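Asker: Sequence:
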Amino acid sequence: MINKHETARSLALSVLEQVFDQGAYSNIALNKALESSRLSAQDKGLATELVYGTVSRKITLEWYLAHFIEDREKLDTWVYYLLMLSLYQLVYLDKLPTHAVVNEAVDIAKRKPGTDKFVNAILRKISQSTLPNPADIKRKNKRLSVQYSVPVWLVQTLIAEYGDERAEKIFQSLHDRNKASVRVTDGQQVERLAEELGAQHSQLSPVGLVKSHGHFAGTDYFKEGLITIQDETSQLVAPTLDIQGDEIILDACAAPGGKTCHMASYLTDGKVYALDLYNHKLNLIEENARRLGLEDKIETKGLDASRVHETFGPDTFDKILVDAPCSGIGLIRRKPDIRYNKASMDFDSLKTIQLQILDSVCQSLKIGGIITYSTCTIIAKENQEVIQEFLQNHPNFEQVALEHPQTDIMVDGCLLITPEQYKTDGFFIGQLRRKS
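The sequence shown maps to residues 1 to 436 in the UniProt record's numbering.
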């Protein structure tokens, strides 16, 4: 749709079209649109809220609209998305005046003659009506799906994993506002930087700082490498490897390099080999390394992690990190569109890939060496089951039990953090040692 008079709402609508019609990732499409936009900082903030809010509440908004629109199929998709976008504001952003939401939607709709009258009629009807209550839906899975905008298959999956009560807490937490989180690169500076940045200490990472409002990225502290953007859960990975200064480390699935740099920060004259398939992702790792002054400790290489054993000989690495490709279910709060892409949730296929990577890298690990296996998913099939199946296939390995001061994240000798516990990404860490 052509956009002559850009506003926060028209920009948000064009991003939603890319996400829903073309399968674009919301964060990438939005960032691209904002970079080329002339909107004020305030309007960019509103556009961001509208995109993420509408995407994260999509199933709920569709359910509401079904009570007011007889035949969705007869509408142009952009008109339907405009109604969703407007309904999101009417229901969830109570500080925005109703007349402003309706009037701007009508203005946008004027780009196709006749559409403005339809949009005006629907939105006025909605704003003058009492909306139906999703809590009245009789069937449990459907009710939870509509209440929390989570597809029914994912409702079923998480209830099977965690039971009704905890699953619902996870669904609720997906709509909590994201915290900004960073890792302080010098552990001695945590107190000082917390005070200067007006940040709180992480409950999970001793070198983590968090803010419930605002961000860290534009600060001089970030530019100078005193802090680096990294979720609190991700900060737990490198310490599990207990890296010594002269060790040779493999980061098998390294981009964008947050964990690579964290591991490299423990080295004196050792090295981290950081692998990824794609050059643009290797560039991200190198960029991160330069900003943090770690480029001499990190060597990037374009390589499929499931073919490590073909390139590196046996007994090459002291420690290995496999931050495996996964469904990403733990990231739904930050990347709300993940939940609607069921094709990417083929847990059996993902488990096969995860095991192929472990099978390959373990051949290049020294005796006594450690593999840390991590994912940003909270599904056992990609986590505990991968560890167990690997051990069945490799009797020369044993599991190493991981511990943490927050004992509620210790599960089956692993660390498993679900999003509702500490308002973080969902994350899993397990560890293996080569015995012989």
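Check the hints yourself; a few may be wrong.
FRET-style restraints, in silico, Cβ to Cβ [stated by the list, open to error]: (1) K271 <-> E385: 58 to 66 Å; (2) E385 <-> Q203: 54 to 62 Å; (3) P325 <-> D242: 23 to 31 Å; (4) D242 <-> G293: 33 to 41 Å; (5) L93 <-> D359: 48 to 56 Å; (6) P325 <-> E191: 36 to 44 Å; (7) A100 <-> G225: 39 to 47 Å; (8) P206 <-> A100: 19 to 27 Å; (9) G302 <-> Q172: 22 to 30 Å.
Don't read these hints as lab results, they were simulated from the structure.
Remember, it's a predicted structure, so these values are computed and weren't measured experimentally.
Think of the CB as a built atom: it goes at the ideal place given N, C-alpha and C, for glycine as much as any other residue.
Asker: Of the numbered hints stated previously, which ones are contradicted by the structure, given in increasing order?
Answerer: Those not satisfied are hints 1, 2, 4, 8, 9.
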